[in-house]
Amino acid sequence: MTKRSQWSALLSGGLCAGGGLLGAAQAEPVRLADALGGGEAVQIEGETRFRYESLDGQFRQGRTGSDQLLAIRTLLKGSIDLGLVRFGGELQDSRTYLDDRGTPLSVGFVNALDLLQLYAKVEGPRILGPQSETEVTLGRQTIAIGSRRQIARFDFANVIRPYTGVHWVSTTPSGDEFHAVLAALVDRRPTDREGLRDNTIVADQEQWNRRFWALHYRRADIAPTIVDDLWGEVYLYGFDETDTDGTPTANRHYVTPGARLLKAPVRGQWDLDLEGAVRLGKRRATTDPTDTEDLDTRASFGLARLGYTFDAPWSPHLAVQYYYASGDETPGDDDYGQYERLFNGRRGDLNNTSLHGPLTPANLSAPGVRFSAKPSPRTDMRLHYSAAFLASDTDSFVIAGYRDQSGSAGAFMGHTLDTRVRYWLVPGNVRLEVGTSAFLFGEFLDTVEGGPEGDRTLFGYGQLTFHY
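Residue 1 is where the sequence shown starts when you use the working numbering, and the numbers rise one by one after that.
Each hint should be verified, as a subset may be incorrect.
Computed Cβ-Cβ distance ranges for the label pairs, DEER-style [unchecked claim]:
1. 84 <-> 286: 47 to 53 Å
2. 56 <-> 245: 52 to 58 Å
3. 39 <-> 205: 34 to 40 Å
SDA-like cross-link-like pairs, simulated, lysine to any residue; straight-line CA separation at most 20 Å [claimed, not checked]:
4. 282 <-> 315
5. 282 <-> 257
6. 263 <-> 306
7. 121 <-> 86
8. 77 <-> 44
9. 374 <-> 342
10. 374 <-> 300
11. 263 <-> 282
12. 263 <-> 309
13. 77 <-> 131
14. 121 <-> 156
15. 282 <-> 300
16. 374 <-> 307
17. 374 <-> 309
18. 121 <-> 197
19. 121 <-> 91
20. 121 <-> 100
21. 374 <-> 249
22. 282 <-> 342
23. 263 <-> 142
24. 263 <-> 226
Hints were generated in silico from the structure; no laboratory data involved.
By construction, the Cβ of each residue, glycine as well, lies at the ideal position given by its N, Cα and C atoms.
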């Protein structure tokens, strides 16, 4: 079966299944667990998502013209509660079609039929008080903590990233949380171009030489006499990696302390989100095994967002924000100043990703404006504008792949505009989402040597997700 006939069959099957859901006027969402009748001890759920993307005008180095992609992701998750322990697992099948040799495929796009999670959960001691609860997860798992700006379970990406280790979570009824993590990275496969294009099934493998750890504490309502519902977080994340025969690395050894203040949006009130982190440690300039010189790492990240939710129909919310991730100031010296994106998401704060996604939390200085609204219980929408600059004009535009070490090309990358609208066709079962993006090139891309053709990138997508 050809790749085109494969995606046609998959698309037809998914739409037929979705047609059954669309034709059903059920009062409650349809769920696999109800159909299988496993009782409360057995949980099973899944989703299948079809997304078509189109991009016109390339901003990435070495690419021209337009691009398109059909991304299909299926998740199937189940668990069984045996009393003292709950065992769980999740399968992920992520494939792409309609791509060509110019499509920027990576392990973030393709992971055909693999084990996303396989874990055991047990209860732990009540360390946050007599009313608190503790759950300890051991095994391969996905992890999301706090704002997801340090580690996240990706939603928009076609491939979700797992980790293998232990994750301790203690919670209280008031909303306090404590997380402790020690885990190894999982190497997502295939990694070669042909394997990705062919949706080749290759088992992911743990990278025991690449580990991260975390301590993260959240306190609810930290100043009730001053500001209602102001939450605070403090955290410390670490990452360590060493070379193996098959996996050369940059030998990064980082610690990242940080803090956050959050007042969530409420109708008729101001809200804020302030977060900052500093990354310290060492790394090599390259992954070449002969590169043995350590560079001192000093990098930083910050987000400041102030918003207001109007007490009006649609609950419109307007916010201004500033996003900063440091860049490397002096090429070739003994310091490394770029704040790298490691395990966190970027779509929620910055832009639509996948084929698009010019902005990432690395060498970025971006003031912006956000608007969101909820026209009905089934519908929500958002719009986000940013003016994007290089934090250091001598460091790289990371996603595009351009760099002017002299700094003479300037720092302004361009204007970005992103939209998204979601609508539940069948509440709880079938959701439609459409989005658009525009990236208008600035001085840097107009001036840098070998810069892209044209003066803008346009991107759009439409996706249908079936939950069951």
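| task | May I ask which of the numbered hints given earlier this structure violates, with the numbers listed in increasing order? | result | Of the numbered hints given earlier, those the structure breaks are 2, 4, 9, 10, 11, 13, 14, 18, 20, 21, 23, listed in rising order.
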